[in-house]
Amino acid sequence: MAHDRSRRRRDLGRPAPWNDARLRSLGLQAAVFILLLALAAYLAGNAAANLSRQGIATGFDFLGREASFAIATTLIRYSPADSYARALLVGLLNTLLVSALGIALATLLGLAVGLARLSRNWLLSRLALVYVELLRNTPLLLQIFLWWDLLRLAAPPPRTAWRPLPGVFVSVRGVYFPVPVYQPLYLWMGVALAGGVAAATGLRVWVRRARAGRPPLPAWIGFALVPLPPLAVFLAGGAPHLLDVPHVTRFDFSGGQSITPEFAALLAALVAYTAAFIGEIVRGGILAVSRGQSEAAAALGLTRGQALRLVVLPQAIRVIVPPLTSEYLNLAKNSSLAIAVGFPELFAVTDTIANQTGQSIETMTLVASAYLAISLTISLLMNLYNRSAALVER
Amino acid sequence: MGSGVQDRPMIELRHVYKWFGAQAVLSDVSLAVARGGRVVVCGPSGAGKSTMIRCINRLEDHQQGEIFVDGMELTADVKQIEAIRREVGMVFQQFNLFPHLTVLENLTLAPIRVRRMSRREAEDLAMLHLERVRIPEQAGKYPAQLSGGQQQRVAIARALCMKPQVMLFDEPTSALDPEMIKEVLDVMLELAQSGMTMICVTHEMGFAREMADMLVFMDRGEVIETAPPDLFFTAPRNERTRLFLGQILRR
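In order, the protein sequences belong to chains A and B.
First residue of the first sequence? That's 1 in our numbering, and the numbers climb one at a time after it.
First residue of the second sequence? That's 395 in our numbering, and the numbers climb one at a time after it.
Read the hints as simulated data drawn from the structure, not as lab findings.
One or more of the hints may lead you astray.
[As the list claims (entries may be wrong)] Only part of the chain B face toward chain A is listed, based on derived beta-carbon distances under 7 Å: (1) 453; (2) 494; (3) 507.
[As the list claims (entries may be wrong)] Only some residues are given here: those of chain A computed to face chain B with a beta carbon under 8 Å: (4) 292; (5) 295; (6) 301; (7) 302; (8) 310; (9) 311; (10) 315; (11) 391.
Glycine included, every Cβ here is placed at the ideal spot set by N, Cα and C.
With the rest of the complex left out, here is chain A (with noise of 0.2 Å):
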């Protein structure tokens, strides 16, 4: 016995290094890290020996040389001109585009379906079941495809293009409707606006504050708020407009700003395919929700609408949103499907770009660093609004 207990005390105080679980742990961890460094190493190597004996340059000179091929939609001023760089920052605003425009109507319609799908209405929620079945279960690529085929079809060509507006023109070519030229003036417009969304802001903190507990003020006090300061400038400056309308050439339009049917296409197949995943994660969440919550809701007199929005929804967000970030993700990162039907966003501006110069793992390295730091970007701000979300439990 005294013997058994002498030893046990002896092995407690120092095991032989390789029992110890945090020496283990640490030497593993080391070896995995050599192992990987020597594998970049053998790769790269392999990768220098290959481009040099096909006389590939490499390194980032090539961003600064001109890209001499033309981007059908930019966001920016671009010419052939403009350098690679250039070129790039026109894709990248295109997907961040398309990404941000997907993300918000993606999450509308997704809600949509989501309810939908719970509805008592039965033809309501088998109509949203069968949508998302559909959408989710066929490739995106594919939809992508159809949602092109169907707008180019569907429309007229330019010369008898339909014009549900004046100066608006919707065709084979896409939508294009006139945009107001800019003015100097327009900045002291933006300048007033923001001077009235902040008194706005200001007198709805000073009506909590100040008037608690008395009615609250009408909302289009603060509403009215918001428009007027700039129209003011705006009727001030002497009113100076001039709009950029489209007009019909030949084969196409020119002048104006437009929607064409590759951005069309891919954002209404985004938003669709998107939208059937967040329906069902939406649906989740609200099942999440105990019963006895709505139950409770409905026992106060709030009305069904009140119950979803007050209590079951602000609950539901907390297991939503961590799979709604993943599918944010998603839909940015498919965006580079794009490339399918030729709208210009960064994969496509890349591909060309790596096909001009031959300087494929720059280019690639290039474009994956943007979509990881898209990602992140979106994935942070989720991460922040989910923690604001987060129930107080102790």
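For this one, chain A is given, so just place chain B on it according to the hints.
Just chain B now, kept in the frame of chain A:
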């Protein structure tokens, strides 16, 4: 108040039936509760007690018979249901407080949104009722930070903030640890003494004897016996009531 209003029962069930599939969970249930009446419903589990009181604010719908609350009949009319729910407070076995809102927000949500009270008015009312259930100091906390007994008292205060005419209690102490049962029952006793019309499903027979002016014994979806407490406990007429009381009072 006119005598007509006084005479009409606050709550009346006439020959109410409800089925889940082929099984009748409520079978020819009739019950009248006068204004200020204090009813305790007891019976073995599965007797339809909870289902019966959940029909009174339409958390469950009945399939046959009539239910009147303060003279209004419960039908599929959504506006009518909302009007009745405003007058009928309910306390659940599992509390069902809103976990994302503070105690104060739990109490002011419905008065502001449903009764259209101003925030200050609703908060004053909420503090009044939190004092009534003796936890005003917890107003800023979230439900998960409170004990079960405290949560149930908050739930009672939340229902009272709607100034209901009737309070329904669905086994309010069944999910509580034994040492917390008394604090909740005490609050309910005070409420009973204030003249509130109450219907309470409970197994706490000592409390029932003290609070109720009428006891209802249910079994297998039927009302078996209805009697004032002294008769109910000392001279139950029905064999099944006697059996149930024998089992439950032996503890």
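Numbered hints the structure breaks, given as an ascending list | Structure breaks no hint.
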